[in-house]
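Peer 1: Each chain, letter by letter, is given below.
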Amino acid sequence: MLYQLRNVSKRFTKAKETLTIFDNLNMDIPEGDFVAMMGPSGSGKTTLLNILGGIDKVTSGEVSFAGNRIDGYSEGQLSEWRAANVGFIFQFYNLMPMLSAAQNVELPLMLTNLSGAKRKENVATALNIVNLSDRAKHYPREMSGGQQQRVAIARAMVSDPQLLLCDEPTGDLDRTTADEILTTLQVLNRELGKTIVMVTHDPEAARYAKRTLHLNKGVFEDKMVMA
Amino acid sequence: MNDFTIIWKNLFRKKLRTTLMLIAIFVAFFLYGMLASVGQAFDSPGSSDDKNRMVTLNKINFTQFLPISYYDRVARVKGVTQASHSNWFGAFFQDNKNVIVSFAVDPPTYLAIYKEFDMPDAERKAFLGDRTGLAVGRAVADKYGWKVGQTVPISSNIFSQKNGSHSWDFKIDAIFDNSKVKGRDGLMIFHYDYYNETVSFGRDNIGLIVFSTETPAINDAVAKNIDAMFANSPYETSTDTAEAFSKSFIAQLGNIKLIISLVVGAAFVTILLIVGNTMVMAIRERTREIGVFKTLGFSGQRIFTQIVAEALLLSLLGGLLGLSCAVPALLLINKISAGAISGLTVQPIVFVKGLGWMVFLGLVTAALPAWSAMRLNIVTALGRK
Numbered sequence: 001m002l003y004q005l006r007n008v009s010k011r012f013t014k015a016k017e018t019l020t021i022f023d024n025l026n027m028d029i030p031e032g033d034f035v036a037m038m039g040p041s042g043s044g045k046t047t048l049l050n051i052l053g054g055i056d057k058v059t060s061g062e063v064s065f066a067g068n069r070i071d072g073y074s075e076g077q078l079s080e081w082r083a084a085n086v087g088f089i090f091q092f093y094n095l096m097p098m099l100s101a102a103q104n105v106e107l108p109l110m111l112t113n114l115s116g117a118k119r120k121e122n123v124a125t126a127l128n129i130v131n132l133s134d135r136a137k138h139y140p141r142e143m144s145g146g147q148q149q150r151v152a153i154a155r156a157m158v159s160d161p162q163l164l165l166c167d168e169p170t171g172d173l174d175r176t177t178a179d180e181i182l183t184t185l186q187v188l189n190r191e192l193g194k195t196i197v198m199v200t201h202d203p204e205a206a207r208y209a210k211r212t213l214h215l216n217k218g219v220f221e222d223k224m225v226m227a
Numbered sequence: 228m229n230d231f232t233i234i235w236k237n238l239f240r241k242k243l244r245t246t247l248m249l250i251a252i253f254v255a256f257f258l259y260g261m262l263a264s265v266g267q268a269f270d271s272p273g274s275s276d277d278k279n280r281m282v283t284l285n286k287i288n289f290t291q292f293l294p295i296s297y298y299d300r301v302a303r304v305k306g307v308t309q310a311s312h313s314n315w316f317g318a319f320f321q322d323n324k325n326v327i328v329s330f331a332v333d334p335p336t337y338l339a340i341y342k343e344f345d346m347p348d349a350e351r352k353a354f355l356g357d358r359t360g361l362a363v364g365r366a367v368a369d370k371y372g373w374k375v376g377q378t379v380p381i382s383s384n385i386f387s388q389k390n391g392s393h394s395w396d397f398k399i400d401a402i403f404d405n406s407k408v409k410g411r412d413g414l415m416i417f418h419y420d421y422y423n424e425t426v427s428f429g430r431d432n433i434g435l436i437v438f439s440t441e442t443p444a445i446n447d448a449v450a451k452n453i454d455a456m457f458a459n460s461p462y463e464t465s466t467d468t469a470e471a472f473s474k475s476f477i478a479q480l481g482n483i484k485l486i487i488s489l490v491v492g493a494a495f496v497t498i499l500l501i502v503g504n505t506m507v508m509a510i511r512e513r514t515r516e517i518g519v520f521k522t523l524g525f526s527g528q529r530i531f532t533q534i535v536a537e538a539l540l541l542s543l544l545g546g547l548l549g550l551s552c553a554v555p556a557l558l559l560i561n562k563i564s565a566g567a568i569s570g571l572t573v574q575p576i577v578f579v580k581g582l583g584w585m586v587f588l589g590l591v592t593a594a595l596p597a598w599s600a601m602r603l604n605i606v607t608a609l610g611r612k
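Order-wise, the sequence lines are chains A and B. My numbering puts the first residue of the first sequence at 1, with every later residue one more than the last. My numbering puts the first residue of the second sequence at 228, with every later residue one more than the last.
In short, the hints are calculated from the structure, not lab data. We put the CB at the ideal spot given by N, CA and C, even for glycine. Some hints here could point you the wrong way.
[To be verified] Simulated pairs of lysine-lysine, BS3-like, Cα-Cα distance not exceeding 25 angstroms:
{"#": "1", "chain 1": "B", "residue 1": "Lys580", "chain 2": "B", "residue 2": "Lys474"}
{"#": "2", "chain 1": "A", "residue 1": "Lys137", "chain 2": "B", "residue 2": "Lys242"}
{"#": "3", "chain 1": "B", "residue 1": "Lys241", "chain 2": "A", "residue 2": "Lys137"}
{"#": "4", "chain 1": "B", "residue 1": "Lys236", "chain 2": "A", "residue 2": "Lys120"}
{"#": "5", "chain 1": "B", "residue 1": "Lys236", "chain 2": "A", "residue 2": "Lys118"}
[Stated by the list, open to error] Facing chain A, according to a computed beta carbon distance under 8 angstroms, are these residues of chain B, among others:
{"#": "6", "residue": "Asn237"}
{"#": "7", "residue": "Arg515"}
{"#": "8", "residue": "Lys521"}
{"#": "9", "residue": "Leu523"}
{"#": "10", "residue": "Gly524"}
{"#": "11", "residue": "Ser526"}
{"#": "12", "residue": "Ile605"}
{"#": "13", "residue": "Val606"}
Taking the hints into account, I'd like the entire structure generated from these sequences.
Peer 2: So, in structure tokens, the structure goes:
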């Protein structure tokens with residue numbers, strides 16, 4: 001099992017009021033899975049994605065990745081863990097505007113010990129997979145939304161992480177471009193074995209996943225959440 | 228790509244803003260370079276290595292004369308090894324704006340004390356033997372294009388000749404350099420005898436007596452003896468080291484160091500506020516990007532370092548450019564003024580202190596935004612909560 005959440009709770013305290021996002025949540029994500037997570041706004045799916053990505057911490061419960069507990073990791077440990085294991089794809093691409101496509105893709109490799117030549121090779125490969133080799137030197141402002149999202153996908157996978165987390169990856173794209181992006185994600189899942197968790201509001205997008213989980217008020221409405 | 232690429236690209240992502248900040252820092256350090264160098268030059272005008280070089284002048288102030296007879300008496304004081312005298316001439320060439328620092332001196336004794344006036348032996352010999360001769364510092368000769376052998380009319384804004392003329396003709400016998408301090412050659416000297424026999428008033432008077440002692444250890448004792456010797460006379464004296472005299476001379480111009488400190492300080496505080504505020508805004512605009520960097524696995528410390536490095540780079544770029552431009556600016560001032568302010572150049576100490584200020588500016592302006600970025604919560608940064 002790649003990911004396991006056991007009795008996970010998440011609460012926020014704001015203005016002396018405690019808000020429970022979810023309580024005693026359990027979830028399993030096997031390796032090679034492609035999970036679409038759906039639910040109304042405020043259901044807790046983005047918070048759950050943040051917890052899976054190690055950018056937010058649980059209030060209580062156990063979070064295990066590849067058999068290792070990560071809920072007790074420090075900020076520094078989580079940074080290293082994210083760099084090695086997780087690729088993120090955001091709704092608004094979140095590319096660095098001052099860097100070219102190739103430089104954006106190279107960012108995660110700056111956290112590795114790879115040589116300059118090897119890094120360039122990996123960047124070229126990643127851009128080739130998303131069909132953007134000819135746009136390597138272009139800046140985000142010179143590319144369409146779909147192209148920017150493909151750069152973001154290349155950035156997410158360039159360091160070969162096991163897990164890809166996508167937050168509304170097609171939320172800002174038209175249908176045709178969205179389908180292209182989702183097809184790319186599907187290829188990454190099927191042919192490269194990447195485990196993907198995707199938050200989406202779009203039922204069409206969810207169809208590209210192997211399974212869909214519905215979260216409502218911090219509770220999964222599905223039965224097959226755990227293995 | 229490395230961290231420097233990111234730092235550089237971030238610095239110049241908004242070119243107009245960065246250019247304006249660079250200009251602000253440039254101006255601050257250009258001012259600093261100029262004013263601190265002037266302060267440095269004023270602070271050690273003599274920079275005399277000869278700690279046993281001393282000066283006796285009228286106790287009232289340096290504009291009052293002493294009788295020439297005092298010179299012989301000072302020269303005979305125990306502990307005095309060599310004495311000479313000089314008169315401020317108030318010289319200018321052609322136009323009274325072309326002021327030249329010049330003294331009527333007793334050349335043999337004067338050059339024996341001021342050994343740093345370096346001139347070819349033949350020219351020295353010619354100057355010593357020519358009552359109407361003139362020895363000119365290199366800076367003055369270069370400014371006016373004077374050559375050895377040329378005769379030049381020099382006017383005084385103080386003295387006149389018996390025939391009513393304010394102008395004296397001098398033959399340039401020697402051009403000298405200052406072997407101790409480069410650039411301290413913006414002056415000229417001529418024979419006191421020639422001046423004394425032609426001047427319409429103030430004959431047999433001298434401005435000051437300069438002398439060397441056997442050792443700096445006896446400076447105080449010699450000074451006391453000399454001043455005691457002339458106590459209660461119509462021309463009481465004040466004796467001190469040449470270095471102290473120079474400093475007290477400068478002090479009469481005002482507290483140069485305080486003025487410089489205030490001007491530079493005001494410029495720095497202003498620049499600090501401008502650059503600091505702009506850095507805070509620039510980093511705040513990048514909140515989301517910082518969140519993305521952290522999401523990708525960049526540690527808080529690494530982002531802190533990048534922001535500090537960016538501020539340091541900005542400060543160093545503007546600062547070094549400003550300080551570097553102060554060098555030719557001072558050279559130009561030196562050339563225009565023919566070295567009137569001796570030692571006016573960006574001294575290494577000014578450069579080193581400038582570098583220190585640049586680092587200080589960079590660190591202070593980066594501190595708050597870098598600290599905030601380091602502690603920034605990723606979820607907050609991404610606006611996801």
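Peer 1: So, for every hint listed, does it hold in this structure?
Peer 2: Hints versus structure:
As the CA atoms of lysine 580(B) and lysine 474(B) are separated by approximately 22 angstroms, the hinted pair is consistent with the 25 angstroms bound. Taken as a hint, the lysine 137(A) and lysine 242(B) pair is honoured in the structure, with Cα atoms around 20 angstroms apart against an allowance of 25 angstroms. Taking the CA atoms of lysine 241(B) and lysine 137(A), the gap is near 20 angstroms; set against the 25 angstroms cutoff, the hint holds. With a CA separation close to 19 angstroms, the supplied pair lysine 236(B) and lysine 120(A) stays within the 25 angstroms bound.
About 23 angstroms separates the Cα atoms of lysine 236(B) and lysine 118(A), which keeps this hinted pair within 25 angstroms; it holds. Satisfaction of the interface hint for asparagine 237(B) is found here, the shortest Cβ-Cβ separation to chain A being roughly 6 angstroms, below the 8 angstroms cut-off. Taking 8 angstroms as the C-beta cut-off, the interface hint given for arginine 515(B) holds, the closest approach to chain A being about 7 angstroms. The restraint placing lysine 521(B) at the interface with chain A holds, with a minimum CB-CB distance near 7 angstroms, inside the 8 angstroms limit.
Against a cut-off of 8 angstroms between C-beta atoms, the interface hint on leucine 523(B) holds, since the closest Cβ of chain A lies about 5 angstroms away. Look at glycine 524(B): its Cβ gets to within about 3 angstroms of chain A, closer than 8 angstroms, so that hint holds up. At its closest, the beta carbon of serine 526(B) sits 5 angstroms from a beta carbon of chain A; the interface hint therefore holds under the 8 angstroms criterion. Residue-level restraint check for isoleucine 605(B) holds (minimum Cβ-Cβ distance to chain A is 4 angstroms; threshold 8 angstroms).
Because the closest C-beta pair between valine 606(B) and chain A is about 5 angstroms apart, less than 8 angstroms, the hint holds.
Going down the numbered hints, you'll see the structure goes against none, and every one checks out.
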